[in-house]
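Going down the list, the protein sequences come from chains V and A.
Its first residue numbered 1, the first sequence is counted upward by one per residue in the numbering used here.
Its first residue numbered 245, the second sequence is counted upward by one per residue in the numbering used here.
Keep in mind the hints are simulated off the structure, nothing from the lab.
Below, in silico cross-link-like pairs of lysine to any residue (SDA-like), each with a Cα-Cα straight-line distance of 20 Å or less:
no., chain 1, residue 1, chain 2, residue 2
1, A, K488, V, L88
2, A, K405, V, V103
3, V, K62, A, R389
4, A, K405, V, L88
5, V, K201, V, V235
6, A, K386, A, L334
7, V, K130, A, H263
8, V, K127, A, H263
9, A, K405, V, M100
10, A, K405, V, S101
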Amino acid sequence: MEEEKKVIELKSISQFFEMKNKKQHVLEDINFSISSGEFVCIVGPSGCGKSTLLKIASGIAKPTSGNVKIGERKLAMVFQNFALFPWLTVEENVAFGLKMSGVSESEIEKIVKTEIKNMGLSGVEKKHPKELSGGMKQRVGIARALAVNPDILFLDEPFSALDIFTAKKLRADLLSIWRERELTVVMVSHLVEEAVELADKIIVMSVSPGKIKKIISNNLSRPRNLRSDNFYRSVDEIEAAIHS
Amino acid sequence: MRYSHLLQKSRKQHILKYHFASGVISWVWIIVSFLLIGFLFSFSSLDLKQVLSGFVVSLVRTTISYLIAVILAVIIALAITANRWIEAILLPIFDVLQSFPSFALFPVLVVALKNSPEMIIILVLSVTMIWPILFSIIGGIKNRRQDFEDAAEIFGVHGWKRFLYLEIPELMPSIATGSIVGWGEGWEFIIGAELLVKTNIGIGTYLGFLGNNQENVALAFGIIILLMLLYIINRLIWLPLLTKVTSYSTED
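Take the sequences, apply the hints, and build the full model.
Okay, here's the thing in structure tokens:
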């Protein structure tokens, strides 16, 4: 039963790059699995290979050794610097994934319209990304990802290029999207508070080489009170795990 | 919030005014160019038919050569940067080849293709035009954004779709920049190439004819008219293209 619920399984993942004939270990012996509908955050210091691990888990990058089981699931990703194609308008960016997978024009139009409305992007459909603020750009990034109706949504530090107020609003939006669409979410973050606010499970990594130090279940009840003692206790526990 | 909205609005109006002004100036220059061309014709012994037909033929030769150069440049740039070993071997070779004078190919081509003057001109022109375009595209490839590649990958964009929907639009700014330089060099070379190959028609052929007959005033006017026509092409085609593609080149 437990086996069936697993949507991603990483076994003995290692990754190294060769630089100037020297092997540089980025990830070493990574093992974890993610269940359907779980919200998982990967945290750790800079350079611990969080983003590389996310790319491997999503199938964008291949590990040097080990294997990733993800099955025939629809995937989408939201990027730190938005990765919106600057030559396309907002609606064309949102339609990109659908167009590439051969969805009919009428269907694309319908889905794009809905996603644009849901993400609060009405009125900017014809604009190009450079005409938008950071927050709006990331809304387009999220709409583009959701348009393909993914089973698993990967997010690579999606709020770190935004100001704190926009980030706070988008975190709340992400939580409602996760709940409403019953998505599985895997997110990389360098902010422990962000991970504790959002995730069910927090994967703490160490640096050089990137290894999993601890996997912590975050059982705080939702909606989470970001000023409660329990919240701060969880933050302290994870920070202690990072620095231990 | 209100203040930033106003600021944005005033910035927009400023940009609109700027575009309007630069558009008006462009058209004024184009009209002035045409008037000057007419003026030069009426005050010289230039043959209108010879100049215009010569220019059109040279334009067709340059355009064909440019299309060959740009297609080859895109294919070569993508092929050599796909593998770092091939790149390490071929890039220094191309670096040497680009400084090789195209006119030095003439004796070889004349022997090899003696009955096809058009082929000789087009080949020499393509070889001349390809280098700035190729190196500009290679530069563009080096500056590609990794997250664009990742976004395309997660949406399963591979093969020709990747080429058409990611690589070409992403490389458009470098293709356009290289093309403008290559196009300019092409015009520099076509005059010489037409003189050397001795074609029956072409702007270079006609200017050479005027020079040989010591019609110096007509020759000078002919050169000015050629520059005006090239300026008009630049204003109407290349500059708008460059403005469009570079407007999205630096950031999203």
